[in-house]
Amino acid sequence: MRILIVDDEQIQRDSLAGFLKHAGHQVFMADSGGNALALLQQELIEVVLTDYKMPGMTGAQLLHDIRRRYPNIVVLLITAFGTIETAVNAMKAGAWDFLTKPIDLDILENQLKAIASFFKEQTQTKSKLTPFVTGEFVAVDEQMVKLFQQAERLAQSNATVLITGETGTGKEVLAQFIHTHSPRKKNPFIAVNSAALPGNLVESELFGHEKGAFTGAAAQRIGRFEEADKGTLFLDEIGDLPPDVQVKLLRFLQEGEIQRVGGNKTIKTDTRVISATNVDLKQAVLGGTFREDLYYRINVVRIQIPALRDRRRDIIPLAEFFSQKVAQRERLSPVALTESAKQALLTYAFPGNIRELQNLMERAVLLTDSGQIDTLDLAFEQPLAAVPASENLPDYLATLERDLIMTTLTASNGNQSECARRLGISERVLRYKLGKYGVR
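For the working numbering, add 577 to where a residue sits in the sequence shown, where the first one is 1.
Don't read these hints as lab results, they were simulated from the structure. Treat the hints with caution; some may be incorrect.
Claimed, not checked - Here are the computed lysine-lysine pairs in the BS3-like style, where the Cα-Cα straight-line distance is at most 27 angstroms:
1) K762 / K678
2) K788 / K697
3) K845 / K723
4) K598 / K723
5) K902 / K762
6) K763 / K723
7) K762 / K690
8) K845 / K762
9) K807 / K859
10) K763 / K807
11) K690 / K678
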């Protein structure tokens, strides 16, 4: 198994590592909870052995974060104070078990055997699940299969849905899935990226305008809400909507009616709204940039799409799915993944999620001439280096972000649209960041 040891004492780490390596396990080490979380973003870990009492982030705090972010990882707590209370609290928090110092290696070995048996059982159970396959997606992981089953049920209602998840996780694909499985499927599905629209045009884009409503409005134009009548309107990055547009959206959700810009006529439309965001809208509400009443209106049903690194059973099926699609589109012979390529894919963190995997496979299929994709054909992004001890985290992240933007802008020959596409952000966000870093 792939095991991470977390302990601030090097002697303890080295002692455990020696035993585990001799038992045939692959071992990783971290000297703090923070460094452990950073490593979990880069490596596929199955078991975490963590000390309970550490400076900074304690083992209990680390356990809490792991259970929240990586629910499939098994955590064993190590403590020098083996009280009943400690054991009960550890179990309540989601630990597999706890071990007391000095560690009895026979007990540890038995615990690891039990965990291995548990993993085997889980794999056999999961393999019985029916994979979900759509024209744009394939899901094998249990949590994703259940998510699509939930979406299929939601499709039969008119409930307003909020889809959350990191950039590139497939929020629009899920929204389209809900639409195509709903009674509205024969009517339009209209997708709007709120962040990609200039602030002064968002209202007109969504609600339309009357002739002469503003400079350049030479003719009447219907908006996206009217275009999506009897169908579905997907509002991506809804947190970027300007305050005045938030008011009009709230009115539609309450009354089912809109007004075009420059018009007085009330227009009824039967449009289902599905929203998506990659930010914490609750924080936006607290920060005063998003209306609280609108938040509760769009959040009738919430679906959280997990990051690809948290559902690694989907990585290989998705990689094969995307490579097959590219080969068919380009009229190429089918391309197979070697075992080493599969292993490389499984151990990569995929910060760009499914979108990054899709781009990775497209490039690999187009450039390989051997009929198979090997590790060398996979152009992974370079992992971020550790934060230098002399630099604080916000400054270091700002430097990394600026360097990434400048490198991508250069590779895009100064084309901001292409740069934004490669970075997976909107042009508006890119312009803001260029201004922030003094780049003109």
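Going back to the hint list, which numbers does this structure go against? 1, 2, 3, 4, 7, 9
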